[in-house]
Each structure stands twice: as structure tokens, then as C-alpha cells.
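Engineer: Each chain, written out:
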Amino acid sequence: MSADVANTASVPSKGSAGIGARQASPGTIAVFLAPAAVIYAGFIFYPVLRTLYNSLHTVGAQGVSTFVGTENYIQLLTHDSVFWRAVGNTAVFTVVGTIADVLGGLLLALCLFSRAPFARALRIVWFTPVLMSYVVVGIIWVWLYDYDWGLINLVLHWLGLGALEQSWLGDPSTALWAVLVTHLWKWLGFNMIICLAALYALPSEVLGAAELDACGWVAKLVYIIIPMLRPTLLNLLVLSFIGKMMMFDLVWIMTGGGPLWATETVSTYVYKRAFKWNTFDLGYPSAIAVLWSAMIVVFIILMTRLLRQRDRLEF
Amino acid sequence: MGGATAKAEDITLTVWSHEADETAKVALREQAARNLEASHPGVHVKITWYEKDGLDSALRTALPAGEGPDVFYVEPGETQYITGGFIAPLDDLVDWSNIYDWARAVWKIDGKTWALPEEAYTDELYYNKDWLKKLGVSLPANAQFSQAEFLDLIKKARAADMTPISQGVGDRPYPGAYILAEALLRKLGAEDYGKLLTGELSFEDPRVVAAFTWVKELVDAGAYPKNFMTLKLGESHQYFYRKPGSLLFPMGSFYTGRAFVPVDQGGQAADFPLGIMQFPAMDDAACNECKTVAVGASFAINAASKHKDLAAAYLNELAKPEMGKRWMETVYLQTAVKTAGIQFSGPYAAYFTELMERQNGAKYFTGMPVDILTGQCKETFAQVMNKAFPGGLLTVDDAVKAMNEACYKH
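Protein chains in written order, with full-length UniProt numbering: chain A, 1 to 315; chain B, 1 to 410.
The set of hints was computed from the structure by calculation and includes no laboratory data.
Some hints here could point you the wrong way.
[To be verified] The calculated DSS-like cross-link candidates involving lysine-lysine, where the alpha carbons are at most 27 Å apart (straight line), are:
no.	chain 1	residue 1	chain 2	residue 2
1	B	K232	A	K276
2	B	K325	A	K276
3	B	K308	B	K134
4	A	K276	B	K52
5	B	K308	B	K52
6	B	K112	A	K276
7	B	K195	A	K272
8	B	K155	A	K272
9	A	K272	B	K409
10	B	K306	B	K325
11	B	K409	A	K276
12	A	K276	B	K133
13	B	K401	B	K108
14	B	K133	B	K108
15	B	K243	A	K272
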């Protein structure tokens, strides 16, 4: 095919019915972009700017704002012990939860991929919690953890481990972990399904070649499967990380941040400061939100850089 | 037909109310609306029913945007609507002759009255008469045990394998503090207790420490259930009168709102041996006859309303004596509307008679701590006095220190 013919084929003539998207006029592009741009500006861009603005002000009830500069940030960083407690809890929840979430999901997926007995039933059982709302999950687990009539203490008692019975959500040393277990129970199924889909998408010839080379199951997992799943796992890590950094609903339902702020997360603290302190001042909670958002962005950039694949796999 | 009538036909008075799930209250407020419509031809009252959090969110958004209703539900402590300038003062708008002075006083801030109280309640200590008898203990003539007697009662109940006090803080920021707050009120007297709550008196005051120490003894004696941290308010009611049962139940007298409904709707059995005792007398107390009275459901008029007179007329409908009587007879709660001299009848007459006996000679302190405290102090109260201290997680020193740091204005 000559160059002229190729050019003719790829650049439709003016006025033809088949104008490619890349050749649309600026006006057409604007018309198509406008709805999304308006929605984005109204629901994302403006709130972000407004939150930034509020964080530098004390906001009065009638919308009257008093400029306080960095006072909210200084107060937050130097005088607010509850904030730092919330940061610590969120960090534990995020780091431990993210690793457990992805690792657990991968293990469950491998279990199903290796055709474990009752794999179809297990897939349904493990995925079902994902379909349940946090409110339902939270209430179920509050009952399970109940000291007097909860199933967990009942089982411990039945196993002769009565000494281990305790108020799982009422003890500051166990409350955060109890909430974390609930969270994992709900989300492991989601990670499992994503990992399972990625596993089935792996090129069978690579796995077949490994088997022909008498590669053991562990070696195949470490040297072939996990490297090939790396993009999927990285995406799951980032998603899980973001989700846990913003953890709110489950904590709110199960403990309200207690006992003694042992399960307080940054999100529950922002909510309390914004809506439960009988004030219309959104300045201080906005400062928390801005600071926390910045930290999330920094961590995600760091994570992405650290886990970025340097060598391109070829298969 | 005159122009005034034509104008009136265009008026729809909007009311936003909480308590959508309490049918007796819904019926009563709707009745007030229909009464207003009957006396003001052409006026329509539209009540929108919310749950509490939904109402809060809606008001927070609507009021600053100038889109709020003419009348809305508020509770004491929600002072942000006053400081924000969203509520019209009611002193000259509403007929106050039907409202108890002490109830109106709750809403008097900076010399003005900001809302009309409808619901009132006192902090009461309910008990199971049969179980008290089973322990071989008689209630004193004034229905009030001493500090030592009460501690002994808790120990006896535990020894008899009874849960002494049904109480849980799974979904509320205040019930765990009933015993401690009432002990502090009696020990300090109303004036100093008020100072404690407003940060003018230190939590390290020896009298305060003494009250905390006594409550710690109760906690250590096993006063509260093991699932105290997760037991929800509704569950704590059931725990007391249905299963597994407890000897005592400190609760606002709004107890009856849940208890006096049919058994199949979660109410107590008709023959449940419900009794009311006074909270214990404290040693060296300033006021052992003191008790907390509080106002609940109240209604305010939007400062931006164009129909303030009509809004006030709606509040006056709610405050009529016959509505107060109907409140008592159908909602089974106390009310801020004057009902003195009312003859109790029906299946709960004995209860209301006993309740009124417990009010004899009482000196009232108005407002629960959660209605008075704000900001960090309120949050610390919820975490420490309501949860961790009665939950046995803190020593007296730690609890006092935490409260002082958050509340005491040095």
C-alpha cells in the first residue's frame, strides 16, 4: 500500500460522515466534555478548593469566615492528642489491614485456582460478605463479639478456653483488632475474586512450561505467578490502602471510635469535629481533611514508586 | 372575599420533626397541625418526619442556605442554632402560661427563650421489686439507700448471680454516667455541680474524687454487665425487664416510651414488678434531695421564617393543656406542658403515681451533662465518664485527670 493511499484511508475528507474522534472540532469536544466538566467542577473541584479555603478560616454559622491562617494546622499538629491517636490507629489499620487484605485474598484465590474440594461453594461463601452492607456486617459482628451472648466467647468457653473470653470491643487492647478482623471478613472475598480473575488470565503456556520443567508449586508461585500478578496486586494494594486510610462506617457502627479513642480513625474524628460538637465551624475539620488527604496522596505516590515494575515481563 | 383570606390560602407552614417512628408523638403533632388548620382557614401545615441524624443533616444544610422550615425540632444542647442566629426568640411570640417555668428555663439563654419544650423527663433509678425482695432487702421509707447500703446491695446481687445494673453504652454517649452524674449532683449540690459541668470547678475537688471513688467501688463489685461496652440502649431495656433481667436500671423517665408498649413490640410484661427508688444518698452530701430534670423534644421557629405568627400558633397548639394530657396518656412520658392535678387512670396509673411520689420534695438540677457540655469536654465525658470509667478501664486518678484536662477552665 502506498503512503498516499494510507493517508487517504486514515484522514477522512472534510464533511464525510465518518469523522474520527481525534479530528472533532473544539466546539464538538467542548459539548461532549461540558457535562462531565460541570459535574466535576461542582462536586469535586469546588469542594476541594472550598475545603482548602475553610481550613484557613474559622467558619461561622451564617457562612461568615474569619481568616486564621495556619492556626488550625498548628493547633492540630501541636495540641490535638486525639488527632495523633487517630493517626496511629489509622496507620495500624491501614498497614496491617492492607497486607492482610491482599495476602488473604491471594491465598483464597490460589486455593480456588488449585481446585480445592468444594471450590464452587467456597467461592460463594467467601464472596457473600462483600455483598452485605457495612451496617449489617457491623451489627452481626457486634453480636458475635458480645461478652455475654456472643458466639466467639461461647465457642471459647465450649473449647475450655474460658480464660480467653473478654469484651472484644470494650477493651482498648483488642477493640481495633476486632474491628480489623471484621473488615477483613467483609473484603477478603473481593480481593479473592480479583486475584482469581487475574490467575485465570495468566498464559497457560507459561504455566505449562514451568510444569514441564518440573517446577514445584512454591517455586511456580514465587517465580512465575506472583511476578505476573504484580500489576493486579499493586492495584489491589493501592485500592485497599486508600480505603483503609478513609475508614469510617464500620468503626462508627461498631465502636464509635471508643473505648478511650482506641478505635478512633481520622475519618471518624473529622466527622465528630464537624457534626457532633454542636458547632457550625468547618474550619478545623477541614484542616484535618486537607492534611490527611495530602498524606494519603504522598503515601500513594511513594507506594506506586516503590512497587513500580522496573523490568517488563515478557510472555 | 377580602385580600387577607386570599393571601392566607397561599400559606403552607412547614414543620420538620424527629421521632418519625414514635406513632403516639406523630399522631399528637399531626393533631396540633389539624387543629391549627381548623382555626386558620386557608393555612396548611406540612410536617416532614425524619430520624435524628437525617434531621440534623437537613437542618445543617438548609438553614445556612435560607431553605429551612418555619418550625423545627431541637433538643437542649443544640445551641449552635442559637449562636448561629437561626432561631427566633419566642418570648413574645408564644403563650408561656401552659409551660412549666423550669422547663422554659432550659431554653433561656442570654435572657431570651429559644424553643418550646414539649417532652420532659427526670433521671430515675428503676428496680425489680421481686428481685429486691428475693435479696431480703427492704427499700427505706424515703426510697433512698445510703452510699454504703447501695454498695452492699450491689455486692449482694452479684453474690446471688444477678446482674446488679442493666446499662450499656453501645449506641449512646450518656447512659453509663447516670450513677456517677447523680452521685456528683448530690455530693456537690446543684450550684457546684453546675460549676463542674461548665468548667468552673475542678474535677480534682475532693468531693468529686470521693464520688468517683464510690462509683469505682461499685464498678469493682461488678455493678455493670460484662457487655456494658456494646449493649445498646434498646437492648438495655430488654435486659432489665425481659432477659436476662437485672436488679436496677438507671434511666431517664422516658423509659416508659419503650417499656409501656405491648410485649410483642418489645415492651415489658403487664405484671412486671417495676419500682422506682431514689438515687443513693451520698455521705456528707450538699443535696441528697437533688435530681436531674431534663427537657427533650422541643420546637423552635426559624429566624428566617416569613410566618412567625403562624409558627407560634402551631407551638401554642402543642402547648394546650389537653395536648399535655394526651401526651401523658398516649406517649406515657412526662411533659413540659402543665399537667398538674391530672388524674391518672388506665393500666399505668400506679406507675405514674409512684413517679410523682419520687418527685416530692425534689430539688431539680436542669439538664443532663451531654446537654450542657460542649466540644472536647463533651467528647471526653462520653469516652471517660460514660464508657471507660464505668467500664472498669480507668482508675479514679486517670478518669479525674482526663476530665479535668478536657473540661476545667484553669
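Engineer: For each hint, tell me whether it holds in the structure or not.
Structural biologist: Here's how the hints hold up against the structure:
Taking the CA atoms of K232 (chain B) and K276 (chain A), the gap is about 19 Å. The hint holds against a cut of 27 Å. Between K325 (chain B) and K276 (chain A), the direct Cα distance comes to roughly 34 Å. Violation of the 27 Å bound is thereby established for this hinted pair. Of the supplied pair hints, the one linking K308 (chain B) and K134 (chain B) is violated, its CA atoms being roughly 58 Å apart against a limit of 27 Å. Straight-line distance between C-alpha atoms of K276 (chain A) and K52 (chain B) comes to about 12 Å, which keeps the hinted pair within the 27 Å bound.
For a cut-off of 27 Å, the pair hint linking K308 (chain B) to K52 (chain B) stands: about 24 Å separates their Cα positions. The straight-line distance between the Cα atoms of K112 (chain B) and K276 (chain A) is roughly 25 Å, inside the 27 Å bound, and the hint therefore holds. Straight-line distance between C-alpha atoms of K195 (chain B) and K272 (chain A) comes to about 25 Å, which keeps the hinted pair within the 27 Å bound. For the hint pairing K155 (chain B) with K272 (chain A), the CA-to-CA distance comes to about 38 Å; that exceeds 27 Å, so the pair is violated.
Between K272 (chain A) and K409 (chain B) the CA atoms are separated by roughly 22 Å; this keeps the pair inside 27 Å, and the hint holds. A distance of roughly 31 Å separates the Cα atoms of K306 (chain B) and K325 (chain B); the hinted pair therefore is violated under the 27 Å criterion. For the suggested pair K409 (chain B) and K276 (chain A), the alpha carbons sit about 21 Å apart, so the restraint of at most 27 Å is met. Note on K276 (chain A) and K133 (chain B): the hinted pairing is violated, with a Cα-Cα distance of about 43 Å set against a maximum of 27 Å.
Taken as a hint, the K401 (chain B) and K108 (chain B) pair is broken in the structure, with Cα atoms around 32 Å apart against an allowance of 27 Å. Between the alpha carbons of K133 (chain B) and K108 (chain B) the distance comes to roughly 44 Å, so the proposed pair goes past 27 Å and is violated. Of the supplied pair hints, the one linking K243 (chain B) and K272 (chain A) is violated, its CA atoms being roughly 34 Å apart against a limit of 27 Å.
Of the numbered hints listed earlier, those contradicted by the structure are 2, 3, 8, 10, 12, 13, 14, 15.
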